[in-house]
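Chemist: So for the sequence shown, the numbering used here puts the first residue at 1; every next one is plus one.
Calculated from the structure, these hints are not laboratory results.
Some hints could be false.
[What the hints assert, rightly or not] Straight line, CA to CA, 27 Å or less: simulated DSS-like cross-link-like pairs of lysine-lysine:
{"no.": "1", "residue 1": "285", "residue 2": "197"}
{"no.": "2", "residue 1": "285", "residue 2": "211"}
{"no.": "3", "residue 1": "211", "residue 2": "262"}
{"no.": "4", "residue 1": "211", "residue 2": "197"}
{"no.": "5", "residue 1": "211", "residue 2": "246"}
{"no.": "6", "residue 1": "246", "residue 2": "298"}
{"no.": "7", "residue 1": "298", "residue 2": "285"}
{"no.": "8", "residue 1": "262", "residue 2": "197"}
[Stated by the list, open to error] Simulated DEER-style distance windows between Cβ atoms:
{"no.": "9", "residue 1": "16", "residue 2": "292", "range": "23 to 31 Å"}
{"no.": "10", "residue 1": "249", "residue 2": "104", "range": "53 to 61 Å"}
{"no.": "11", "residue 1": "320", "residue 2": "284", "range": "33 to 41 Å"}
{"no.": "12", "residue 1": "88", "residue 2": "205", "range": "48 to 56 Å"}
{"no.": "13", "residue 1": "320", "residue 2": "18", "range": "33 to 41 Å"}
{"no.": "14", "residue 1": "325", "residue 2": "88", "range": "49 to 57 Å"}
{"no.": "15", "residue 1": "352", "residue 2": "269", "range": "18 to 26 Å"}
{"no.": "16", "residue 1": "239", "residue 2": "174", "range": "51 to 59 Å"}
{"no.": "17", "residue 1": "235", "residue 2": "256", "range": "26 to 34 Å"}
{"no.": "18", "residue 1": "188", "residue 2": "269", "range": "25 to 33 Å"}
{"no.": "19", "residue 1": "71", "residue 2": "97", "range": "19 to 27 Å"}
{"no.": "20", "residue 1": "205", "residue 2": "60", "range": "47 to 55 Å"}
{"no.": "21", "residue 1": "172", "residue 2": "88", "range": "25 to 33 Å"}
{"no.": "22", "residue 1": "88", "residue 2": "354", "range": "43 to 51 Å"}
Small disclaimer: the values here were computed from a predicted structure and weren't measured.
Built from N, CA and C at the ideal position, the CB exists for glycine as well.
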Amino acid sequence: MDFFAYDEAWVGRDALLAQLSEQLQQSCRLLVLLGITGIGKTALGERIAICLYPQWTGPEWQNLLRENLDNDRQPNDFISVASRWWEQWGSPIEGPKDGQVLVDRTANYLLNRPLLLMIDSLEMMLQGNEDDGWSDFRDPLWADFFEALLAAPVCQSRIILTSQDFPGQLPARYSNFWTCEFLGGLNESEQLALFAKAHLNLTRDCQSYLKRIGTAYEGHPLALRVIAGEISNAPFSGNVRAYWHKYGQDIEEVETAIAQAKMGQTASAEDRWQLHECTRLLRMKVRDRLEQTFLRLKREAPAAYLLLCEASVYRCPVAESFWLSHLEDWDYLESDRQLALDVLRDRYLVEEVTEGDRLLLRQHNLIRSVALSHLQALDLEDGELPSGFSH
Numbered sequence: 001m002d003f004f005a006y007d008e009a010w011v012g013r014d015a016l017l018a019q020l021s022e023q024l025q026q027s028c029r030l031l032v033l034l035g036i037t038g039i040g041k042t043a044l045g046e047r048i049a050i051c052l053y054p055q056w057t058g059p060e061w062q063n064l065l066r067e068n069l070d071n072d073r074q075p076n077d078f079i080s081v082a083s084r085w086w087e088q089w090g091s092p093i094e095g096p097k098d099g100q101v102l103v104d105r106t107a108n109y110l111l112n113r114p115l116l117l118m119i120d121s122l123e124m125m126l127q128g129n130e131d132d133g134w135s136d137f138r139d140p141l142w143a144d145f146f147e148a149l150l151a152a153p154v155c156q157s158r159i160i161l162t163s164q165d166f167p168g169q170l171p172a173r174y175s176n177f178w179t180c181e182f183l184g185g186l187n188e189s190e191q192l193a194l195f196a197k198a199h200l201n202l203t204r205d206c207q208s209y210l211k212r213i214g215t216a217y218e219g220h221p222l223a224l225r226v227i228a229g230e231i232s233n234a235p236f237s238g239n240v241r242a243y244w245h246k247y248g249q250d251i252e253e254v255e256t257a258i259a260q261a262k263m264g265q266t267a268s269a270e271d272r273w274q275l276h277e278c279t280r281l282l283r284m285k286v287r288d289r290l291e292q293t294f295l296r297l298k299r300e301a302p303a304a305y306l307l308l309c310e311a312s313v314y315r316c317p318v319a320e321s322f323w324l325s326h327l328e329d330w331d332y333l334e335s336d337r338q339l340a341l342d343v344l345r346d347r348y349l350v351e352e353v354t355e356g357d358r359l360l361l362r363q364h365n366l367i368r369s370v371a372l373s374h375l376q377a378l379d380l381e382d383g384e385l386p387s388g389f390s391h
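Turn these sequences into a full structure, and let the hints guide you.
Modeler: Printed below as a string of structure tokens:
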């Protein structure tokens, strides 16, 4: 079986893998894996699929059905996608297609057969809900389809979705049958295991450099795999010290800003972080994916995009009121300011942390790195909103 993301370089998440696999083997019908781009959602979903082999996949993986919505050359409305599935099942839909009839027919097929349906990049079929902030399905037939799978007395199939955005229309009344899991980065031991899989030298001084890299990137799997590959290959050929000599200053800039924040310098619009683009491969494999996330946010939720960029001045977790004050400066109504923040929450572009008895907001280091570059590019001269913004 060929996988898109899972391979022999997989490390970590053992406890989570066991937990989620167990849930799907019990009463959970639908699992949503959430998190920022490159955090490992697809790889984890594929690893879970191996745990569900062969009961839900078939001994020849013939019962695994995959849909990658990141392919924008194919329409992702329900009728188009379901029609492709029926062709794969050997029963193509002929003639005019009634959407609700197709929903019922497709749901019944999955309800009565042990299949594993995996849909990647679900965010591509979602759109922002201006009243509630979260993301709804562009095509309401998708909401009907998932509800049909959850509402039935019995469902023999299992569904794994990956998404950067929370799908707000999954019905809460059937929460016994579906669950969401937000993925963070790899912990320190998992980061070192990733570097070991790349056959890097893990002597004490090399470990020190690699730990600092892992901390700066907050264990982001895609970024760390790119970096591990760069160190392994020419011109560095496994020389961790040489890589640090070339690019270590970008890590040190992050460390310095965080240290200054702890000393009271909590905000700076002058930070020039390059975590997402300090090497050619990072620009190709990490920056471009993050840029797609930012551009989608700018297009669908301009106020949330502005808030994300403006709040990138904060080097450390701060109170929610600090974030919201930036939109207050632009005369957004309180309800609109809160809605913009809710959009960022539902797209996992803001993280909530507790310090003592306070709930604070922060940006992942990679998100802040990109947001700072966008902030510096915004044309905010003469008190005018950038092109494309309205309120």
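Chemist: Now tell me if each hint is right for this structure.
Modeler: Going through the hints against the structure:
1. Proximity of residue 285 to residue 197 is assessed by CA-CA distance (about 19 Å); at most 27 Å being required, the pair is judged to hold.
2. For the hint linking residue 285 to residue 211, the alpha-carbon distance of about 21 Å falls within 27 Å, and the restraint holds.
3. The straight-line distance between the Cα atoms of residue 211 and residue 262 is roughly 20 Å, inside the 27 Å bound, and the hint therefore holds.
4. For the proposed pair residue 211 and residue 197, the alpha carbon gap of about 15 Å is at most 27 Å, so the pair holds.
5. In summary, the hint linking residue 211 to residue 246 is supported, as the alpha carbons are separated by about 17 Å, within the 27 Å threshold.
6. Between residue 246 and residue 298 the alpha-carbon distance is near 34 Å, which puts this suggested pair outside the 27 Å criterion.
7. This hinted pair checks out: residue 298 and residue 285 have alpha carbons roughly 21 Å apart, not beyond 27 Å.
8. Only pairs whose Cα atoms come within 27 Å are accepted, and residue 262 paired with residue 197 is rejected, the gap being roughly 34 Å.
9. For the pair residue 16 and residue 292, the beta carbons lie near 26 Å from each other, so the given range of 23 to 31 Å is met.
10. Between residue 249 and residue 104 the CB atoms are about 60 Å apart, so this pair conforms to the stated range of 53 to 61 Å.
11. For residue 320 and residue 284, the Cβ-Cβ distance of about 35 Å falls inside the hinted range of 33 to 41 Å, so the restraint holds.
12. For the hinted restraint 48 to 56 Å between residue 88 and residue 205, the CB-CB distance of approximately 53 Å keeps it satisfied.
13. As the Cβ distance of residue 320 to residue 18 is approximately 35 Å, the hint placing it in 33 to 41 Å holds.
14. For the hinted restraint 49 to 57 Å between residue 325 and residue 88, the CB-CB distance of approximately 52 Å keeps it satisfied.
15. In this structure the supplied range 18 to 26 Å holds for residue 352 paired with residue 269, their Cβ-Cβ distance being about 23 Å.
16. At about 54 Å, the beta-carbon gap between residue 239 and residue 174 stays in the expected band of 51 to 59 Å.
17. The given range of 26 to 34 Å is respected by residue 235 and residue 256, whose C-beta atoms sit roughly 27 Å from each other.
18. Roughly 31 Å separates the CB atoms of residue 188 and residue 269, a value that falls within the hinted 25 to 33 Å.
19. Between residue 71 and residue 97 the CB atoms are about 21 Å apart, so this pair conforms to the stated range of 19 to 27 Å.
20. Separated by about 49 Å at the C-beta atoms, residue 205 and residue 60 satisfy the suggested range of 47 to 55 Å.
21. The beta-carbon spacing between residue 172 and residue 88, approximately 32 Å, falls within the hinted interval of 25 to 33 Å.
22. In this structure the supplied range 43 to 51 Å holds for residue 88 paired with residue 354, their Cβ-Cβ distance being about 47 Å.
The structure is inconsistent with the numbered hints 6, 8, although it conforms to all the rest.
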